[in-house]
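Peer 1: Residues per chain, in single letters:
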Amino acid sequence: MSAPLLEVVGASKSFPGVKALDDVHLDLRAGEVLALVGENGAGKSTLMKLLSGVYTPDEGEFFLSGEQLAITGPKQAQELGISIIHQEFNLMPDLTIAQNIFIGREPRSGGVFLSERSLNRKTRELFDRLGLALDPSEVVGGLTVAKQQMVEIAKALSYNARVLIMDEPTAALNDAEVDTLFDLIRRFTTPTTGVIYISHRMHELRQISDRITVLRDGRYVGTVETATTPTSEVISLMVGREIVSEQRQSDESAPRETVLAVEGLSTKSLLKDVSFELRKGEILGFAGLMGAGRTEVARAIVGADRSESGTITLHGRPVVINNPAEAAKLGIGYLSEDRKQLGVLLERNVRENVVLASLSEYIGALGFVKDKKIERTAREYVTALRIKTPSTSQLVKNLSGGNQQKVVIAKWLAKDCDVLIFDEPTRGIDVGAKDEIYALLNQLAAGGKAIIMISSELPEVLRLSHRVAVMCEGRLTAVLENADATQENIMDYATRFSAYGTVK
Amino acid sequence: MTLTTETPTPKPAEARPNAARGALRGSLQQLLAFASLIVIVIFFSIASPHFFTTANIISIFTAATVTGTLALGTTFVIITGGIDLSIGTGMILCGVMAGVFLTYWGWPLWAGVLGAVLFGALIGVVNGFNVAVLKIPPFIATLGMMLIAAGLALVISGTKPIYFKETPDFQSIMNLSIIPGVRFPLGVAVFIVLIVLSALLLSKTIVGRYTFSIGSNEAATALSGVNVVKWKIIIYTISGLFVGIAGVLSASRLSSAQPTGGMGLELEAIAAVVIGGTSLQGGKGSIVGTVIGALIMAVLTNGLRIISVPQEWQSVAVGLVILIAVYLDMLRRRSA
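Quick note, the sequences are listed as chains A and B, same order. If you read the first sequence in the UniProt record's numbering, its first letter stands for residue 1, the second for the next number, and so on. If you read the second sequence in the UniProt record's numbering, its first letter stands for residue 1, the second for the next number, and so on.
Just so you know, not all the hints are guaranteed correct.
DSS-like cross-link-like pairs, simulated, lysine-lysine; straight-line CA separation at most 30 Å [what the hints assert, rightly or not]:
1) A/K122 <-> B/K204
2) B/K204 <-> A/K397
3) A/K340 <-> B/K135
4) A/K388 <-> A/K340
5) A/K147 <-> B/K204
6) B/K165 <-> A/K75
7) B/K160 <-> A/K75
By construction, these hints were calculated from the structure, which means they are not laboratory data.
Start from the sequences, fold in the hints, and give me the full structure.
Peer 2: Quick look at the structure:
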């Protein structure tokens with residue numbers, strides 16, 4: 001057999017503090033659809049960005065039909081015949097379909113003026129070839145997400161792509177649209193072309209892919225034939241790691257009182273009928289793939305997003321929470337995954353950040369801020385949480401990620417919250433500091449706080465959570481006791497997509 | 001995490017089911033702006049017999065010419081999602097440069113006029129460089145240029161008006177009556193030609209296409225292989241060309257290059273663009289809209305003066321019109 005259509009040998013890429021890809025291998029045969037799978041953070045997107053020229057690799061070689069490639073940028077990758085369709089579309093919503101497809105390559109009539117007619121004609125020819133029924137003169141911003149996706153694909157193919165890379169293309173599509181997409185992919189796949197298809201949806205991979213390549217923690221795990229490999233085996237390749245059992249959260253002792261009960265929570269965009277209880281002194285982990293709706297649950301609870309239906313009961317009393325300020329008043333603190341944007345004021349000092357949520361308690365009768373009292377509180381928390389800072393006057397931007405996170409925690413403790421929702425508490429925090437955050441979470445739970453911890457890292461979920469709630473496509477698919485939870489069954493619940501009706 | 005289902009493209013399906021309706025709504029918006037212009041004209045025509053006369057209509061167009069010319073150029077910049085605050089004082093500086101070329105240096109008329117227009121383009125190149133290459137936010141970059149131009153106009157002229165003693169014909173550029181019998185000034189004809197040219201440029205050429213494309217999604221435009229830096233410089237330069245032309249027209253109108261004033265004119269021009277339905281977020285806009293916007297402002301000022309509303313109140317009225325126009329536009333977008 002001849003050389004693979006596309007081959008990646010020994011690709012590595014590091015970012016400050018993280019080795020995103022380590023000696024990764026991949027080969028795409030001509031005429032096949034190769035699925036690429038892996039947990040969140042396994043390195044799929046990084047690999048794709050290397051192939052599409054968005055990043056340059058630290059090490060590694062790329063071959064297209066046996067010839068070595070040097071990919072220098074997105075435009076050049078496209079000219080070489082490698083086209084990528086990103087999760088976020090790269091379309092200009094105010095332009096028409098035809099204008100979008102031929103942006104940068106506009107046909108002209110008589111030199112100066114653009115010819116809309118020949119633009120639309122060329123686009124229609126392209127659509128005829130692809131069997132797409134779209135009007136080239138429609139404005140892209142008015143199209144459904146599915147049709148925008150079709151436009152993206154048509155744009156990619158108009159460059160005479162030989163390798164088409166699709167990153168979670170079905171995330172926003174319904175079943176009929178997925179079928180149309182698959183038709184398009186099959187029509188594209190000829191003996192001289194190939195598709196790399198990234199997705200978490202196991203049943204879709206079964207429908208569309210020939211082989212499956214698995215990445216884990218930035219490393220190449222293996223490639224299997226789709227037809228002969230059971231899904232469970234693919235999942236176990238994805239998860240791999242074992243968790244040392246003594247590290248795991250020890251079992252619950254006595255049943256504890258319920259602090260927060262959520263019943264039938266739904267939002268217009270994503271969440272469907274989410275119900276769970278959060279108990280005093282427990283850490284309830286939320287696991288799921290990207291886009292499963294974990295953050296949305298947190299945002300709906302604290303009123304940052306409007307919920308369509310559902311009731312929230314706090315300490316046995318039904319409450320209505322319209323915005324995060326009301327949530328904070330009720331003692332529910334939300335620690336955002338986006339710490340720098342939504343968690344701390346980077347340009348202000350530790351002191352101000354600690355009392356930010358509870359500032360009204362530090363105002364004297366005349367309306368002046370009680371600086372001494374603030375300083376006392378801030379020092380207490382700096383000591384209690386072991387925040388490493390020369391003084392409370394230090395600007396938060398000068399602290400490490402772990403210490404910034406502690407400042408956010410201090411803020412909510414100062415507000416006297418008894419429900420704390422941590423969204424990716426260790427994101428962007430280095431390994432040593434993670435342990436400190438873990439210890440702090442355990443300490444808070446032992447002290448009687450009720451904690452929801454959303455995390456994309458399964459080992460983290462298993463290590464900290466007393467119970468694990470698993471989400472998929474906006475639904476809660478399981479709540480597992482820590483003793484019953486394994487990476488495999490969490491992954492299984494996290495991929496129970498409604499298309500197959502496995503979950504009601 | 002968790003944002004996989006979101007796309008950056010402003011939303012979606014349910015909003016605008018098909019292009020025909022989108023296009024219809026787009027022209028409806030222009031129709032509305034045009035209709036409000038008609039309503040205002042009818043109102044003043046009834047309110048005063050002196051309003052709807054040939055002479056007065058020509059004087060409205062004359063009044064709209066300078067601001068309108070600035071507005072045409074800055075429409076391009078605003079559609080890219082940028083802003084150009086330097087057009088008002090830049091125009092004054094270009095007028096002063098016309099005085100320098102023609103009066104101080106004794107250039108022939110055509111050379112002095114061309115020089116002043118190209119000087120405007122130079123201001124645009126610098127703005128474009130600062131915005132596209134140095135990545136200074138457009139507001140700041142052009143705010144700086146606004147102050148620089150205001151100061152240079154004073155320095156170069158020695159704070160005194162420059163009169164066009166050597167080239168008496170200079171004042172004809174704006175004021176020459178080109179239709180016997182009616183006093184239809186050449187400047188207005190120039191304005192009309194500029195309208196047609198800029199409309200063609202925006203809707204039929206590659207410059208216009210990239211103007212919309214950059215304003216619609218700059219990152220995606222760049223990823224599609226368009227040299228965004230180059231085109232942004234070109235677009236700011238176009239705005240600068242219009243500034244130069246406006247500088248010549250304005251100096252010609254006054255038969256002298258006045259080194260002061262101009263501060264605030266940029267806001268009038270931006271107001272005209274915004275009233276005409278061009279979005280400050282970029283991606284949307286039209287020359288027709290800008291012209292209607294400029295006319296609405298000129299008609300208001302003229303009409304209110306004719307029905308003897310004190311000048312202080314005219315500004316209040318224009319301010320209200322801006323607020324109403326933009327609010328209506330937002331309502332339309334929200335319901336769309």
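Peer 1: Indicate, hint by hint, whether the structure satisfies it.
Peer 2: Going through the hints against the structure:
no. : hint              : in the structure
1   : A/K122 <-> B/K204 : holds (18 Å)
2   : B/K204 <-> A/K397 : violated (49 Å)
3   : A/K340 <-> B/K135 : holds (23 Å)
4   : A/K388 <-> A/K340 : holds (18 Å)
5   : A/K147 <-> B/K204 : holds (26 Å)
6   : B/K165 <-> A/K75  : violated (57 Å)
7   : B/K160 <-> A/K75  : violated (54 Å)
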